[in-house]
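K.L.:
Each chain, written out:
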Amino acid sequence: MTASPPAKWGLRSLAFGYLGLLLLAPVGMIFYKTFEHGLGAPIEAMTTPDALHAIQLTLLMVAVAVPLNAVFGVVCAILLVRHRWWGNRIIDTIINLPFAISPIVVGLALFLLYGSDGWFGPSLEEAGITVLFSWPAMVLASIFVSLPFVVRETVPVLQEIGTEQEQAASTLGATGWQTFWRITLPAIRWGVAYGVVLTTARVLGEFGAVTIVSGSISGETETMPLFVAKAFEQFNEEAAYAGAIVLALLALTTLLLMSVGGRKAKASGGGTLPAAELALTTSNTKEGS
Amino acid sequence: MGITVEGAFKRFGDFQALDDVSINVPDGSLTALLGPSGSGKSTLLRAIAGLEELDGGRVVINGQDATATPAQKREVGFVFQHYAAFKHMTVFGNVAFGLKIRKWDKAKIDDRVHELLRLVQLDGLAQRYPDQLSGGQRQRMALARALAVEPQVLLLDEPFGALDAKVRKDLRTWLRRLHEEMHVTTIFVTHDQEEAMDVAEQLVVMNRGRVEQSGTADDLYEHPANEFVMSFVGEVNRLGEEFVRPHDMEVVLDADDRTEQGLVQRIVALGFEIRVEFVLSDGTEVWAQLTRNELQRLELQEGQIAYLRPAQAKSFNGSSPTHADGASTPRGPRDEGDAEIPAAV
Chain A
16 MTASPPAKWG LRSLAFGYLG LLLLAPVGMI FYKTFEHGLG APIEAMTTPD
66 ALHAIQLTLL MVAVAVPLNA VFGVVCAILL VRHRWWGNRI IDTIINLPFA
116 ISPIVVGLAL FLLYGSDGWF GPSLEEAGIT VLFSWPAMVL ASIFVSLPFV
166 VRETVPVLQE IGTEQEQAAS TLGATGWQTF WRITLPAIRW GVAYGVVLTT
216 ARVLGEFGAV TIVSGSISGE TETMPLFVAK AFEQFNEEAA YAGAIVLALL
266 ALTTLLLMSV GGRKAKASGG GTLPAAELAL TTSNTKEGS
Chain B
130 MGITVEGAFK RFGDFQALDD VSINVPDGSL TALLGPSGSG KSTLLRAIAG
180 LEELDGGRVV INGQDATATP AQKREVGFVF QHYAAFKHMT VFGNVAFGLK
230 IRKWDKAKID DRVHELLRLV QLDGLAQRYP DQLSGGQRQR MALARALAVE
280 PQVLLLDEPF GALDAKVRKD LRTWLRRLHE EMHVTTIFVT HDQEEAMDVA
330 EQLVVMNRGR VEQSGTADDL YEHPANEFVM SFVGEVNRLG EEFVRPHDME
380 VVLDADDRTE QGLVQRIVAL GFEIRVEFVL SDGTEVWAQL TRNELQRLEL
430 QEGQIAYLRP AQAKSFNGSS PTHADGASTP RGPRDEGDAE IPAAV
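As they're listed, the protein sequences go chains A and B. Everything in the first sequence is counted per my numbering, starting at 16 for the first residue and increasing by one. Everything in the second sequence is counted per my numbering, starting at 130 for the first residue and increasing by one.
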């Protein structure tokens, strides 16, 4: 499709205007506000015990939920694509639940299940395991809300690569396990990587479900998003902005790690469409010809 | 020795892909499985490789029953139509794959891979990735990869199907030479009868999940067992109950009691060979294969009437092939054409 130069520039301005107004302006504002009076204040706000604990707890959520969902996501995607079975449609539907249900509802559901009147609550209490208002419940909530991403990103890539490479590997003597590690996983790595980036972002930012099951106790069950919300409510704007910046930096770090890792992988091998890279590079905006 | 399949059955839903198929491939031979799409030829090949599980029947490879052996233990080399290149590995990595799985040591792998890359003429491209190769190069890489592990048998599933005509011809000459050097029992699947006759020593013609006939190219061409084989291996015209090869269609300008009248509809020059298409009085369309010389002698024009006389015909109504009178010694049209040269000049 060829657009006339005025139309081309019109469309570009519209795209930039839209992004600028709706995305860049708010995020830029936070950066501006945070660093308005130099680095001192935000650093101080982020080195209080409560803030440090919130950062640690947020990282713990990521460290537990992301690997679990990544492994589950890959296994589940292989099950859905490679093993035709009537139960697949049910699994496929259930996996979408976290997209459909509001995080608040997820929190309430976990509350009902693990509360002292819930199904699991009493027996776990007897065993001396505290779930609610403690990190296990927060991890459960984080896993729930971020579960679909790796599956959803991996399934189309698995479908696209087909089964011939795997069959070729098996005729060359590779066992199922060897085929998975040497052929399948490298071929789907971009889909998995993109899914992991989205999962991480979701876990970092999760607010609704975690609020309900954590009780939001400062220095104990407060993740960074909860910390930011509380700081904002208490008119501690400095801490709120600084916390927001920390979250943004963590998300950016994930994106950069994936991008660097992907580039390395690419240097050592061709590969399928790098979805994550598409999302990360701006050099993709080709001239309309 | 070689490969034997006995009474193979395979069903996909409602579709009977293999219906009591038995074949015997001699040790060290080069055999083609020939048939139209859906005839079961690829399924049979995949069953021999262990990529498809049979519903019934046996697969015996070099004297050992392999029916229950998984693909990775059958020691077959398999080449796919669309190459199945490992895209994230270099050419070297692709060819070395089977050797790494077998835990060969590095120096030995290095030697073996380069030896194979020389054999398939890709030696300079070891560090390229598959998407930097042409189709023909990718298929040669796939072949080197399959041969690297010294398979007992080599199976090729429409190996040249995705390549353009010129490359296809080169590769098939090359495959035949390779087989002469290596002598590994080879089966390849194709729907192209010319390709099958060009490359293979033995042909197995399949149709609707069954074997119609097997034998050498000459056997199948000269003594087809049935209508299907006659029309699939070589060209054929149907005249009532009889089947006539286009080069057995004699074209004459004067009618007699054994000729049929036909209208010349189209004359197509394919180099030395001329294809003349006729419509008979009952509406049947047939064609005759003439040489350029014959055409000049007859001075045929599109739209004129000429007469056709089958020099040799076959019918498959339980009777043995019949020969038309006066043509008991089948003569090729080319001999005839050559003989006529003085007259035509």
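Bear in mind the hints are in silico, worked out from the structure with no lab data behind them. Please read these numbers as outputs of a predicted model, since none were measured by experiment. The C-beta atom is built at its ideal place from N, Cα and C for all residues, glycine as well. It cannot be assumed that every hint is accurate.
[What the hints assert, rightly or not] Pulled from the structure, derived: some chain A residues nowhere near chain B, Cβ distances all over 12 Å:
{"hint": "1", "residue": "90"}
{"hint": "2", "residue": "149"}
{"hint": "3", "residue": "158"}
[Said to hold, decoys possible] Where chain B lies over chain A, by a calculated footprint (3+ residues, C-beta under 8 Å):
{"hint": "4", "region": "190-203"}
{"hint": "5", "region": "216-230"}
K.L.:
Identify every previously stated hint that the structure contradicts and give their numbers, smallest first.
P.N.:
Of the numbered hints, just 5 does not hold.
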